[in-house]
Amino acid sequence: MKYNEKTARNEQQEEGISYADARKVVESMNLIDGFLFDSSIENEEDAQIVVGTILSTVFNREFKYVHVTSQKQFQAIDTKYHGIRLDAYVTEDEEGNVSATVYDVEMENRKADKRSLPKRIRYYNSLIDSRYLESGSSYETLPDFVSITILSYDPFDAGDLYYETTTVLSTHPGIEYKDGVTHIYLYCHGKLNDFLSDTHGKRLMEVLKYIVSGEVPGSFSPEVHSLETVVSKIKRRPEVTKRYMQQWDRERILIQETRKEVTEEVTKKVTKEVTEEVTKEAALEVIRFGREDGVSDEKIRKRLETRFNLATDVIDELFQQADNKE
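With the working numbering applied, the sequence shown corresponds to residues -3 to 322, in that order.
Each hint should be verified, as a subset may be incorrect.
What the hints assert, rightly or not - Distance condition first, Cα-Cα at most 25 Å in a straight line; then the derived BS3-like pairs of lysine-lysine:
1) K107 with K298
2) K187 with K110
3) K295 with K107
4) K20 with K229
5) K256 with K276
To be verified - What follows is a list of derived Cβ distance ranges for each label pair:
6) S134 with E294: 40 to 50 Å
7) S215 with S292: 32 to 42 Å
8) V212 with G290: 26 to 36 Å
9) S292 with D194: 33 to 43 Å
10) D289 with Y135: 41 to 51 Å
11) K256 with K229: 37 to 47 Å
12) T254 with T302: 17 to 27 Å
Keep in mind that the hints were calculated from the coordinates and are not lab data.
These figures come from a predicted structure and were not determined experimentally.
Backbone N, C-alpha and C fix where the C-beta goes; we use that ideal spot for every residue, glycine too.
All chains should be modelled from the sequences, with the hints used to inform the complete structure.
Following this line, the structure appears as structure tokens:
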């Protein structure tokens, strides 16, 4: 049974978390959990194995050169929050021409983010483009961009394992629109798509099942074996557990301070004289704490309507702001 991190979190909010409890949480994690995925790519050799295995399994071919760098500097403790983002720079020689592609691999384990997911990926895409295009450079220098989002829930409710989006010329679908952008969504519990071969599909399903559940297939899988070797090693490292304790404590203090400030602010200002700005800030905290406690976005919306008498368009804007802050 997976250690109940939320229960441990509630019990330890005042005094922190013990090493033993932190160790149990780390041991219960799978790669779909942000903290473990983060830890798996800190070491260059481990990152080569984890990212290389994911890429080669998704695309059914070997990736010879993979360089991984973490993009986020702070990872939320709650394993339902966003996994750390990473870029895997893959440079290959294709017919004598060196081409570079940026791959963004992301773990998504929070269903509350489902509605905003496409726009969030769009936002990440724009950030990466702005990073790689220097002032005065030709747009031709922009590398191709492929985002791979691995999810514990179905992002489009079609029940499939593999979803892929590219930019198309909607008025002329027969004409290619080559902006170099591809988004791939992999639903870990989805059914195999018809266009995937039996061999490729089986490998992909085994890897995704391992990522979301830690399940090792009965028959030997070299891809899962490679991932399991790294994950098992990481879970045994005392420094990983200690870092989890440190981040837990850091986030606990931030939450306590924020709640205290919000309580004082709401007590003083959420009255007849409260300004629209203060109302919005308080509402944003309601969204944040509600999500932290596992409350659905629908219920949070009803709370905002009842407590602050906010219009639907204002609530939509607040949720967008909350998504951007996360």
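Results of checking the hints against the structure:
In summary, the hint linking K107 to K298 is supported, as the alpha carbons are separated by about 18 Å, within the 25 Å threshold. Annotation: proposed proximity of K187 to K110 holds, straight-line Cα distance about 19 Å (limit 25 Å). At most 25 Å may separate the alpha-carbon atoms for a hinted pair to count; K295 and K107 meet this at roughly 14 Å. A hinted pair counts as satisfied when its Cα atoms are at most 25 Å apart, and K20 with K229 qualifies at roughly 15 Å.
Proximity of K256 to K276 is assessed by CA-CA distance (about 17 Å); at most 25 Å being required, the pair is judged to hold. Roughly 47 Å separates the CB atoms of S134 and E294, a value that falls within the hinted 40 to 50 Å. Checked against the given bound of 32 to 42 Å, the beta carbons of S215 and S292, roughly 39 Å apart, stay inside it. Under the hint 26 to 36 Å, the C-beta atoms of V212 and G290, about 29 Å apart, fit the expected range.
Taking the beta carbon of each, S292 and D194 are about 38 Å apart, inside 33 to 43 Å as hinted. Evaluation of the 41 to 51 Å hint for D289 and Y135 yields a pass: the beta carbon distance comes to about 45 Å. Checking the proposed 37 to 47 Å range against K256 and K229 shows it holds: the Cβ atoms sit about 40 Å from each other. In this structure the supplied range 17 to 27 Å holds for T254 paired with T302, their Cβ-Cβ distance being about 22 Å.
Violated hints: none; the structure is consistent with every hint.
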